[in-house]
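As a plain string of letters, each chain reads:
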Amino acid sequence: MFETYEEIRQWREETMASVVDDHRQLNAFHDQLMYQTLRIAKETIESEQGPPPAPFAFFLMGSAGRSEQSVWSDQDHGIIFEGSSPCQEYFLNLGAEISHGLAIAGYEKCEGNVMASNPLWCRSIESYKKQIHDWLNEASWQSLRNFSILFDSRVLDGNDDFLLKVKRESFAVLEDHTHLYSRLVDNFEFIKKGVGVFGQLLPEQRQGMKGEIHLKETAYFPYVNALRILALKKGVSAAPTLDRFEILSYSYPFIEAYENDFRELLKFRLRYKKQAESYEKIHLLPLDQLSKQDKQQLKYLIRRGQQLFAKSKSVLKEESSL
Amino acid sequence: MDATFLMNNLWIVVCTVLVLLMQGGFILLEAGSTRMKNAGHIAGKTVFTVGIVSLVFWAVGYGLIYGEGNAFIGFSNFFYGDATTMGEGLAGSVDFMFQLAFAAIAMTIAFGGFAERAKLVAYVIFAILFSIVIYPVIAHWIWGGGWLAGHGKQDFAGSTVVHLTGAAAALAATMILKPRIGKYNKDGSSNEIAGHNQVFTALGVLILWAGWFGFNAGSTFGVADAFFGYVALNTQLAAGAGAVGAMLMVWAVTGKADVPTTLNGALAGLVAITASCAFVEPWAAVIIGLVGGAFVFFSMRFFDKKRIDDPIFALSVHGTVGIWGTLSNGLFATPELATVGRPGLFYGGGFEQLGVQILGVVSSGLYAFVVSYIILKVMDKAMGGLRVTEEEEIMGLDLSEHGGYGYPENFNSPEKNPGA
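Order-wise, the sequence lines are chains A and B. Those letters in the first sequence? Residues 1 to 322, per our numbering, in order. Those letters in the second sequence? Residues 1 to 420, per our numbering, in order.
A couple of the hints might just be wrong.
[What the hints assert, rightly or not] Keeping only pairs whose Cα atoms sit at most 30 Å apart, straight-line, the calculated DSS-like set for lysine-lysine is:
(1) A:Lys281 - A:Lys317
(2) A:Lys234 - B:Lys183
(3) A:Lys192 - B:Lys381
(4) A:Lys216 - A:Lys299
(5) A:Lys130 - B:Lys186
(6) B:Lys186 - A:Lys193
(7) B:Lys377 - A:Lys192
(8) B:Lys186 - A:Lys129
(9) A:Lys317 - B:Lys178
(10) B:Lys183 - A:Lys317
(11) A:Lys193 - B:Lys183
(12) A:Lys311 - B:Lys377
(13) A:Lys317 - B:Lys186
(14) A:Lys317 - B:Lys256
[To be verified] Derived, one-sided and incomplete: chain B residues facing chain A with beta-carbon distance under 8 Å:
(15) Val378
(16) Thr389
(17) Glu390
(18) Glu392
(19) Ile394
(20) Glu401
(21) Gly403
(22) Gly404
[Said to hold, decoys possible] Here are some chain A residues the structure puts well away from chain B; computed CB gaps all over 10 Å:
(23) Glu189
(24) Phe198
(25) Asn260
No lab work stands behind these hints, which were simulated from the structure alone. None of the values given here were measured: they were computed from a predicted structure. Beta carbons are placed, not taken as given, at the ideal position from N, Cα and C, and that holds for glycine.
Could you put together the complete structure from these sequences and hints?
Laid out in structure tokens, this is it:
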């Protein structure tokens, strides 16, 4: 059993090559790395401050929440606990320790501060429920973005029910205020262009990224965002996009045709980015490394993602206006 | 060749350059009045749309205004390319260039209503349509021998043709585009979205002020009797009075001498005197400017209260004050100077000229507003919205529409998407 975060990092480096070709295996490995980090963090805090003051769950958000991590990933996580706010201090300390440990284990800290060390992402069940109401009531771009971040979540350790209660509350609020579906679509309407009017791939122009295509923003986000808004509409609490494809295909048969495209995209990403040396570079793909055939495939996958988002948007707007 | 002929033409070419340089004033005025994240966009789109207007004006605009046609529209002289000259008046190409510069000013005013939230492609399409079906029609009515010219409408340099037309289109745009994110709260109260550089705005106003001598004094179309000097005098007095009037008004009402209001006051004085600069006495120019300056302050507050978000105050400066400037002829035009139409109310002309001015304002303003509204509504439906997405508006149009910031050093990692 590992005793330090450094040992976990070493395990990561030794094992990564053997799981990197398979999306599911890779994400199962990430879960184990994070679980082991969490275990050490819990023990550290318990030895310093005693046992947790209330039952809690540690959950993942972002690509980890959706079980869609690439080789490198940053941290997006939170803590949800039973009981009242005086417990928060203990869990914030735990969140900070987890964040520290994960950084050593190879997960860069989240620049947007979506981490359990931030009071926004470390709350009681009731406080999260109230936060959901506040976010949806405010319905600003940032509050809806925060809501979507929280919704793409799954428990790594602790009681699944805590998070489920919050998600059920979300569905109830949305059903009572159906105009919010449309606002949620608006929130993700911006899709970075990946293919130009001449059918060419459009790489980044900015310094440090020149000649590289942003795979996450041009290709991956449209699939993820489309399935998230459909999941919210149908009250599907599962976070992984592949699970959402499966569950939602009964309600929305049109999405079936896109599931394989998404799988291909995940494979494509791993094929090219498994050698990436840092999180900074994980989403950027130098175009000159791609063969002609791969460029064609990438263009196809980008276009399919955009189609899926556009169809999902029109279906949802139609349903919401009924 | 006759020296007067050459002087006339040279004078108008100089004025054309001055009017074109007013675009530089607009660039600084608009960029300074808006946020840093949109500065490059505002500067770049101004130059780009002047390019579009130039091409459209050459192809059809000039012909629709001054071509042979009827009371509603002209219809000849398309794809202008007349190199001949009559040896008197203005050479055709000189007149063409001067008129083109005016059309571009109207367009830039209209785009004030698009600021900080419209898609770049909306600018492109509307620039073409505005330059074909809106501006030339009104310019023909008043300056091209159309039905309002027949009534003796006085609009010496374009309070109605340029400023009100542009502002009416801006009003249609701002109504369809809706307020910028964060401008109004749920309870209806408004938030100030401050411009990022008052020095730019002030410099922009000063460049516009200087360019206005080309706009107004150039509208003499010649150097005969050096009358342009008199027009320039009235222009200067009204601009000064506008700045003073607006500053005193905002100071008296709010207790603070707000800088943007003062700057808008100077512009208001200029807009107000544009219609009447050749028809009124200097003391009247001062009154017209002072009232324009005061009006602009109340107009800015009015639009804000009505939840019409006008980021660069185009509606107030060019619309409200454009109307006042046009009507002021009906009050102050003197019998000696009213070479077009009749003297104003205060010079024994009765209500006749005021009536003509009102008719001109209502018909031109309504036409420009209604046609702009229809065009923009159709564009809105066809393009899936005139407005950029919320995410793009928040990140700023410099990045979303142009791929780089006007002030790159001030922004780090522009596209953060935590947790996604």
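Checked hints:
no.	hint	verdict
1	A:Lys281 - A:Lys317	violated (36 Å)
2	A:Lys234 - B:Lys183	violated (34 Å)
3	A:Lys192 - B:Lys381	holds (22 Å)
4	A:Lys216 - A:Lys299	holds (13 Å)
5	A:Lys130 - B:Lys186	holds (19 Å)
6	B:Lys186 - A:Lys193	violated (33 Å)
7	B:Lys377 - A:Lys192	holds (26 Å)
8	B:Lys186 - A:Lys129	holds (22 Å)
9	A:Lys317 - B:Lys178	holds (20 Å)
10	B:Lys183 - A:Lys317	holds (26 Å)
11	A:Lys193 - B:Lys183	holds (28 Å)
12	A:Lys311 - B:Lys377	holds (24 Å)
13	A:Lys317 - B:Lys186	holds (23 Å)
14	A:Lys317 - B:Lys256	violated (48 Å)
15	Val378	violated (20 Å)
16	Thr389	holds (4 Å)
17	Glu390	holds (4 Å)
18	Glu392	holds (5 Å)
19	Ile394	holds (6 Å)
20	Glu401	violated (11 Å)
21	Gly403	holds (5 Å)
22	Gly404	holds (7 Å)
23	Glu189	violated (4 Å)
24	Phe198	holds (17 Å)
25	Asn260	holds (23 Å)
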